[in-house]
Amino acid sequence: MQQVTRRALLAGAATLLASGPGVRAAIIRGGRPWQPYAGGPPEPAGSGPWHWFTPEEGAAVEALVDRLIPPEPDTPGGRDAGCAVFIDRQLAGPYGSAAALYMRPPFRDGTKAQGNQSPLTPAARYRAALAALDAHCRAAFAGQPFARLPEAAQDRIIHGLEDSSLQLDGASGRGFFELLIKDTQHGFFADPVYGGNRDMCAWKMIGFPGARYDYRDWIDRHNQPFPLPPVAIGGGRPGWTPHA
Amino acid sequence: MPNRLPSRDVAIIGLGWTGSILAEQLTAEGLDVVAIERGPWRDTPTDFNVNTMPDELRYRIQHELFLRPAQQSLTFRNTLGQEALPVRTWGAFMLPNGVGGGGTHWNAEMWRFLPSDFVLRTHLTQRYGAAFLPADMTIQDWGITYDELEPFYDRFEYLCGTSGTAGNVAGRILPGGNPFEGARSRPYPLPAMKQGYGHALFADAARNLGYHPFPQPSGNLSAPYTNPLGVQMGPCSYCGFCEWFGCANYSKASPQTTILPTLALRKNFEARTLCEVTRINLDRTGRRATGVTYVDTSGQEWEQPADLVLLCGFQLFNVQLLLLSGIGTPYDPVANTGVIGRNFTHQTTSAAIGFFDKAKYNFNPFMSAGAIGMCIDEFNGDNFDHGPLGFVGGGYMGQVQTNGRPIETTPVPPGTPLWGHGWKQAIRDNYLSTIFSGAGVHGSFYSYRDIYIDLDPTWKDRFGRPLPRITIDLKPNELRMSAYLTDKYAEIIRAMGARQVVSQPRKGPYSMSAYQTSHLCGGAIMGTDPRTSALNKYLQSWDVPNLFVMGATAFPQNAGYNPTTTIGALTYWAAHAIRSTYLKDPGPLVRA
Ligand SMILES: Cc1cc2nc3c(=O)[nH]c(=O)nc-3n(C[C@H](O)[C@H](O)[C@H](O)COP(=O)(O)OP(=O)(O)OC[C@H]3O[C@@H](n4cnc5c(N)ncnc54)[C@H](O)[C@@H]3O)c2cc1C
Ligand code: SF4
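Chains as they are written, first to last, in the numbering used here: chain A, 1 to 244; chain B, 1 to 592.
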């Protein structure tokens with residue numbers, strides 16, 4: 001039988017158990033607890049300076065996301081969609097610090113089926129990879145960082161990360177590519193409240209009506225396009241989302 | 001030292017689906033019941049706000065309503081010879097945390113198992129001979145029959161307001177329903193849901209191929225409903241933010257929408273939230289549970305004595321607590337002895353994506369629901385002749401696409417670049433005109449001698465206790481089954497008119513990164529022999545008779561269906577045995 005030590009108990013932080021208010025153990029009797037908005041609204045990304053990136057990192061990520069999702073005449077690219085702002089805010093929060101993940105040692109390499117075993121947090125992976133990326137670019141392109149390179153050169157570098165022909169010093173190029181593309185697409189398609197998908201540009205591009213909640217009058221109108229524009233939880237209608 | 005609390009009649013570990021059902025049943029019997037739940041209280045008006053619930057990033061990607069691995073995790077390996085490593089982020093399945101448990105954020109696909117599923121070994125041996133089964137396959141009969149369970153299936157379906165079209169009422173096969181299902185005593189409480197374009201097109205194609213399509217039985221309600229406890233539910237609005245989310249409409253059957261509004265008012269019920277049970281306590285004989293020990297958020301340890309302990313913590317945590325509390329003999333796959341951890345199974349799902357001509361097809365994938373869809377059951381269980389095929393098992397298949405949430409559901413044809421203009425164009429071209437249900441083929445997972453749960457020798461949880469360790473792989477039988485069924489499925493998607501079909505049969509090894517439903521089963525299974533089962537047919541522990549263990553933990557193997565309707569039925573079945581027999585004379589309900 002296993003005993004639980006007092007010290008181990010105290011190490012278990014209450015904030016792990018739930019987010020929002022009411023993270024204390026509670027006794028519930030005689031009715032349902034009524035705490036309005038116990039779930040809590042999401043925290044808006046807001047405008048203003050970078051929360052986590054240095055100015056150089058921010059410039060590099062803006063350039064990267066604008067190549068991953070390039071601007072087109074009728075839809076913005078990753079930069080104007082706010083993908084870099086999204087990633088910055090995410091890295092500054094629990095995602096960046098891997099707060100929810102099992103991060104206890106020992107860390108050992110396993111099989112692909114066993115999943116990610118890295119001791120590094122996403123924030124640490126960005127910091128290391130962006131420094132290595134700019135160092136590589138400055139060495140190869142007469143002192144220029146990634147953000148200053150012509151688009152064709154930027155594309156070649158991203159292709160190099162993708163097919164592992166370009167190795168970053170002290171960071172996995174392919175690993176960083178996968179992380180970046182995932183976070184960029186999350187920012188592009190997530191609700192605008194998180195900083196990306198500005199003015200619901202990604203949703204308009206594909207025809208997703210966003211945070212609507214009732215399709216009862218349309219579910220059996222088969223093969224007919226849905227006529228209403230998208231709505232978002234963070235700001236509602238087109239034009240309501242604040243610009244950075 | 002833990003603080004010792006006054007004794008209660010009943011202590012329930014976990015207030016999810018099974019815990020809520022038992023709390024309702026036993027408070028109705030007049031017993032004093034305390035439920036101890038490690039997550040927070042969650043309810044429709046306070047937590048599932050219609051303004052903030054449709055948030056894919058928060059609820060689907062960042063797992064807001066689920067257990068965090070930092071809180072409690074497990075380790076995983078494919079085979080006995082490997083070192084298991086900790087699961088650092090969720091992938092293959094999702095684990096519950098908080099009042100409502102998995103019932104909060106499930107799809108509510110509400111299937112019954114087939115009559116032959118409950119007598120699986122006997123049935124397959126009689127039809128194909130014992131030599132037809134792989135030597136290391138450890139499937140068993142359940143010790144209960146479909147007919148015994150039928151009234152309790154009915155009970156759970158009427159609790160939930162299940163919406164569907166009956167295929168077999170009292171032996172009469174009815175048009176439009178599942179002709180293969182076991183006989184039900186009466187039709188579903190509500191008619192089937194409406195179907196979207198893609199769902200309806202699948203049914204047409206299946207019918208043209210000679211199959212018998214029917215609407216998936218659903219706990220997303222097709223109409224307003226008042227259940228037998230007097231709790232009212234509203235109709236589903238096809239919002240498409242269903243599974244992984246809570247329902248803001250009171251339309252998805254869950255403990256919150258079917259039981260808790262009544263239960264919470266009862267004077268003999270108490271819930272303690274954000275309190276994690278760390279162990280079930282035994283007396284000196286080891287044959288009687290004296291109660292449970294739990295820890296609150298300040299780190300204080302409490303001892304809650306109780307006459308009856310009900311373990312309702314979800315499959316994996318049920319097995320973990322049994323092992324950590326020293327109840328029953330741990331399973332040893334080499335010696336083939338012991339029972340706790342034995343016959344662990346999951347599900348074998350697969351898909352086929354259909355890309356259609358966007359000028360002709362608009363599926364509006366975003367208007368959908370967790371348990372919508374049209375299915376066929378021709379290839380489930382033993383509904384088809386396995387003789388020439390060389391495998392056993394099967395599954396239902398259907399167009400059961402639940403959503404068009406764009407982070408998750410923007411598939412593009414193979415060969416599309418991962419980024420740049422090509423990616424952007426492909427997303428635009430395919431979003432509205434693609435059919436994709438991740439678990440369109442919902443296959444069985446039978447049990448094997450070396451697939452099991454024990455405790456990890458290396459990694460610990462935040463209390464310093466060993467993590468549970470799972471050893472699991474996909475065996476040739478399951479892979480052959482998946483290949484055969486996925487072929488049949490792709491044929492139907494093609495017949496719908498797709499210009500390109502991408503078939504994705506399940507491939508080995510079992511991977512922690514590929515989501516495959518959250519239907520973990522087994523580990524403390526029910527049966528007739530204490531040497532090969534942990535529980536008797538009433539889900540009562542053979543070793544500790546004042547302990548009952550609920551949930552899919554009891555399944556000797558998993559069928560080609562979602563488990564929860566069977567879990568709910570078994571819970572009502574056990575409640576009935578406790579109320580009608582056990583309480584009058586507490587002790588073993590079956591003599592070993
Ligand atoms: C995304 C998703 C979709 C699903 N869709 C379907 C579906 O469509 N159809 C279907 O049939 N099934 C579905 N399921 C499965 C379904 O949710 C479960 O089968 C069902 O909830 C199991 O009921 P249970 O009572 O055993 O566990 P749960 O309902 O999960 O409840 C267990 C509770 O115990 C608590 N607990 C665990 N350990 C402790 C402890 N030590 N101390 C205190 N509390 C503890 C947990 O926090 C949890 O609240 C789905 C699951 C998920 C995650
Ligand atoms: S799809 Fe229906 S049942 Fe599911 S969350 Fe939306 S409204 Fe509720």
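None of these hints come from the bench; they were simulated from the model.
Heads up, a few of these hints could be off.
Computed list of lysine-lysine pairs in DSS-like fashion (alpha-carbon distance at most 27 Å, straight line) [claimed, not checked]:
#1 A:K182 to B:K507
#2 B:K488 to B:K360
#3 A:K112 to B:K507
#4 A:K112 to B:K460
#5 B:K488 to A:K204
What the simulated footprint calls covered on chain B by chain A, stretch by stretch (three residues with Cβ under 8 Å from a Cβ of chain A suffice, anywhere in the stretch; the number is not a length) [claimed, not checked]:
#6 151-162
#7 216-230
#8 250-264
#9 270-279
#10 583-591
Beta carbons: idealized from backbone N, C-alpha and C, even for Gly.
Given the hinted pair A:K112 and B:K507, is their alpha-carbon gap at most 27 Å?
Given that 27 Å is the threshold and the Cα spacing comes to 14 Å, the pair holds.
Check whether three or more residues of the stretch 216-230 of chain B sit with their beta carbon closer than 8 Å to a beta carbon of chain A.
Since three or more residues must qualify, the claim that chain A covers the stretch 216-230 of chain B is violated, with 0 doing so at under 8 Å.
Hinted pair A:K112 and B:K460, Cα distance within 27 Å
Cα-Cα ~22 Å, so holds.
Check whether three or more residues of the stretch 270-279 of chain B sit with their beta carbon closer than 8 Å to a beta carbon of chain A.
The restraint on the stretch 270-279 of chain B holds, since 8 of its residues have a Cβ under 8 Å from chain A and three suffice.
Within the assertion that chain A covers the stretch 250-264 of chain B, do at least three residues meet a Cβ-to-Cβ distance smaller than 8 Å?
Coverage by chain A holds here, the residue count being 3 at a Cβ distance below 8 Å.
Check, residue by residue, whether the stretch 151-162 of chain B contains three or more positions whose beta-carbon lies closer than 8 Å to a beta-carbon of chain A, and give the verdict.
Answer violated; 0 residues pass the 8 Å Cβ test.
Has the given pair, B:K488 with A:K204, been kept, meaning a C-alpha gap of at most 27 Å?
At roughly 36 Å apart (the allowed maximum being 27 Å), A:K204 and B:K488 break the hint.
Coverage claim, chain A over the stretch 583-591 of chain B, checked by counting residues with Cβ within 8 Å (three needed)
violated (count 0)
Holds or violated: are the alpha carbons of B:K488 and B:K360 at most 27 Å from each other?
Within the cut-off at roughly 25 Å; holds.
For A:K182 and B:K507, compute the direct alpha-carbon distance and say whether it is at most 27 Å.
holds (24 Å)
In summary, the structure is inconsistent with hints 5, 6, 7 and 10 from the numbered list given earlier, while agreeing with the others.
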